[in-house]
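First to last, the protein sequences are chains W and Y.
So the first sequence is residues 1 to 457, counted in this note's numbering.
So the second sequence is residues 1001 to 1407, counted in this note's numbering.
To be clear, the hints were calculated from the coordinates, so they are not data collected in a lab.
Worth double-checking, as some hints may not be accurate.
[To be verified] Below, in silico cross-link-like pairs of lysine-lysine (DSS-like), each with a Cα-Cα straight-line distance of 25 Å or less: (1) W/16 to Y/1356; (2) Y/1025 to W/50; (3) W/95 to Y/1025; (4) Y/1297 to Y/1395; (5) Y/1395 to W/92; (6) W/388 to Y/1045; (7) W/331 to Y/1297; (8) W/331 to Y/1259; (9) W/92 to Y/1356; (10) W/92 to Y/1045.
What you are looking at is a predicted structure, and each value in this text was computed from that prediction instead of being measured.
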Amino acid sequence: MLSKTAKEQLIAITGKDRFSDAVEILTCYSYDSFLEEAMPEAVLFPVSTKEVSEILQVASAHKIPVTARGAGTSVCGAPIAVNQGIVLCFTKMDKIIEINTPDRYAIVQPGVINGELQRALAPEGFFFPPDPGSMNFSTIGGNVALNAGGPRCLKYGVTVDYVLSMEVVLASGEVIRFGSRNIKDVTGYKLSALFCGSEGTLGIITELTLRVVPCPETAQTLMVTFDELDNTAKSVSDIIGSGILPVAIELVDKVGMNALENALHQDLPTEAAGTLLIEVDGIKESCEREIEKITDILKKNHAVSIIKATEEADRNRLWAARRAAYGVFAKIAPDILSEDVTVPVSKVPEMVRSINSTIGKYKLKGGVLAHAGDGNMHPFICADRNDKEEWAKVEAAFKEIFTDAAALHGTLSGEHGIGLAKTQFLPLVMDEASRKFLTTIKRAVDPDNILNPGKLV
Amino acid sequence: MSQQSSNCGKCGICLSVCPVFAALKEEENSPRARVQLIKAFREGKLTSSALLKELMAKCLMCGSCTAACPSGIDHFEQFMETRADLIEKEGDLLEIRGLVFLLAKEYRLGLAAGMAKAGQAVLPEFLQKKIKVANISVDRFPNLNTKPFRSTVPEIIEPEGKVQGTVVYFTGCATNYIFAENGQATVKLLSALGYRVVIPKNQKCCSIPMLFHGGIQQAKDNLMTNVECLSGHNAEAVIVDCPTCGSALKKEFPQVIRKYGEDATKADKIAAKVTDIMQFINNRRDKLEELIQQGGKAKNDIITYHTPCHLRNSFISAEPMLRKLEAINFKPASDANSCCGGGGTFFYEYPAIATKMAETKAENAKRTGANIWLTDCPMCQMNLEGRLKPEDGIKMMHPVLYLSSLL
Ligand SMILES: Cc1cc2nc3c(=O)[nH]c(=O)nc-3n(C[C@H](O)[C@H](O)[C@H](O)COP(=O)(O)OP(=O)(O)OC[C@H]3O[C@@H](n4cnc5c(N)ncnc54)[C@H](O)[C@@H]3O)c2cc1C
């Protein structure tokens, strides 16, 4: 429980309406889209930088942990207040401050939903490339703090590539700003890269200037099926290896496709061992040329069927199906664990094989989806956490998957982040000196360890 | 039960479709939170409280979450059961209890409506308060029918000319007690299209408000009677003009009847036949266009439309049809598909939120320049009408009423 003084000081900042410590409300901030849960002691909804700064001054005076939260859709437990304290929820700090397409930037508050920014940009003929599957409900602040990716990041890059400037409130309550509205800017350290993916452990983001880009003239999507998962994966590395750069190449295996079809009933190819969704964009003629080259490669890899979707509605339907992928697994078993190990694209076939053999070895229900074009695997396992024996197998399987990925020069997480899920595996990909450097930075900016303690470092 | 709520993947897709979450931006007012709260309550981690009950109640029961949920959660069923438990322990607003009491016995509602119409001081308390307290001012509140619609029509209405087929018409309370003109229009359109209309006299309230407010057992009589009287008649469709009644017949009836441990075969048959009146007409649009031309009553109105959540989630929006109809000048509103905040008794219990949502809709409707605003749901109509002023020059009505005026 917060001390009476701390509580009074906090309420003085936000007012009673935007503070709560009722157990019913706190329950709603005890989870994200991952498995672990923990109850905070209070939740606050700031609406301005000034409020955030004042809240952090109170928190640092009383050494109360502060965990920022966007929409709570992290799949690694990043916004879970494991050391209790305050949850700072940004859903009400949700203004789009400026859209400037001639200079190609947008200024937003952290609580703006990614999809809302997209809808505001579309009429101007622009878009913000990072497109996590959760784009219609996750916040830009959360996207930045987890350096989110998504299907089209294959061509366009991830969130960090689109952050021009930030306003951050430090643990002390001090407000800093860095970066500018310019794409080229070498004034000091590239701090946006430090804060992107920092999971709220270094500072609280209160404003963002983002790079936005013009929409391509056209886009075309292929849905391709295979009767062997190996050919599916090999097509991916062959396409990328050939020098073509599609917007996205998504891979779905049979287990994944059946789960999608059972939930969505869209006549998806449930018989296929592997399915690829491939999208290219740009000028119409170049799209057609790329599709031709891609089709050749697919045929060489014995694709069973290749279906082209040019109509916007058909494309949207396919992508919406892909975005539903996480939720549909809840139908298979009570708990889902989905990780996102990433390997160099030439190693995709090998990684897919090893994931499958691991899941098979432990006789678990699961499979693999992937933002395959950039080597970002999403192995998933559906199981029951109350079944201790089964869950031990799930954990053993993921440990093997992490180890295999590391051996292929891969990494633990391509986009979901470390959070509570993967801290123990960091030594697989980072040596002691490198891990210590993370701690050095963390200590320097947050000496009392009040910002999202228990995560990452 | 807990088995089912624990199968929520907590993915958060529902946050993007929930109108209450969109208005409040608080996780506790989202479907995902309600499912988690129910789980915590069932597991004994949370005990019954006024706040918990409030969080369960701040829901429009619009069904958008269920329609979007990839995990296949049945939100209505979970909310209904939990609300029943909580209301038993925490009680409900007096006025709402009055409503459940009235709806449980159709004749009481008839009586209440009758008294209200007579303009006597004995206006039932819940109606009186609704008029004064909720976010709708008295002059915008619709008048009650002088006589319940069903008492003014025969049970079987034969069309003129060749009979195309037979349909059963479930009128719902709104048409029966408030919007008799919608009933007349529905019958007129169906007859013009050549259908024999059967309006079973002993049909009762669909009971959605009751189920929503915890009256699961009290609803049993109504549900069983409705299933009996709507069955048979050799009908090819069971027509509804209220999307909420429609989704009750389509989704909740079979489910709740199974819960009573009764045979749901008839309910399943009805569920398969339930058709929204506009969808029924849309399937016969050529004939309608012909009739309108013959009638020669097409007008210069500018029409816009609001899609009720229950129509979108259980049937299909009437918007595509209105767009296609040659005879009308249709100007879509930018937010035609978003919720108005009027669901069930929500606008009565949480006037501030409902008002905010409806005001935005009214602004966007005005922007279309329309003078007629169509919507199929009586609650949406009342809620939205409450946000219009006489000087806005916009008249609201059910699409059937407008279409029948062209014949
Ligand atoms: C169905 C589904 C699909 C998904 N698809 C993808 C995908 O394709 N790619 C991908 O990368 N991720 C994906 N995710 C994971 C998740 O949605 C993203 O990581 C997203 O960026 C999280 O945003 P959020 O607003 O929910 O943040 P939260 O989960 O609330 O928080 C995430 C982290 O950000 C921190 N944070 C939030 N706001 C601030 C702030 N203002 N200042 C400082 N720190 C802050 C929190 O402390 C926490 O550490 C998916 C999740 C789901 C459920």
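A quick look at each hint next to the structure:
1. W/16 to Y/1356: Holds, at roughly 21 Å.
2. Y/1025 to W/50: holds (20 Å)
3. W/95 to Y/1025: Distance ~12 Å between residue 95 of chain W and residue 1025 of chain Y Cα, so the pair holds.
4. Y/1297 to Y/1395: holds (18 Å)
5. Y/1395 to W/92: Judged against 25 Å, a Cα distance of about 35 Å means the pair is violated.
6. W/388 to Y/1045: holds (22 Å)
7. W/331 to Y/1297: Roughly 53 Å separates the two Cα atoms, so the pair is violated.
8. W/331 to Y/1259: Roughly 22 Å between the alpha carbons, so the hint for residue 331 of chain W and residue 1259 of chain Y holds.
9. W/92 to Y/1356: It holds: about 16 Å lies between the C-alpha atoms, which stays within 25 Å.
10. W/92 to Y/1045: Status violated; Cα separation ~28 Å.
Comparing the model with each numbered hint stated earlier shows that hints 5, 7 and 10 do not hold.
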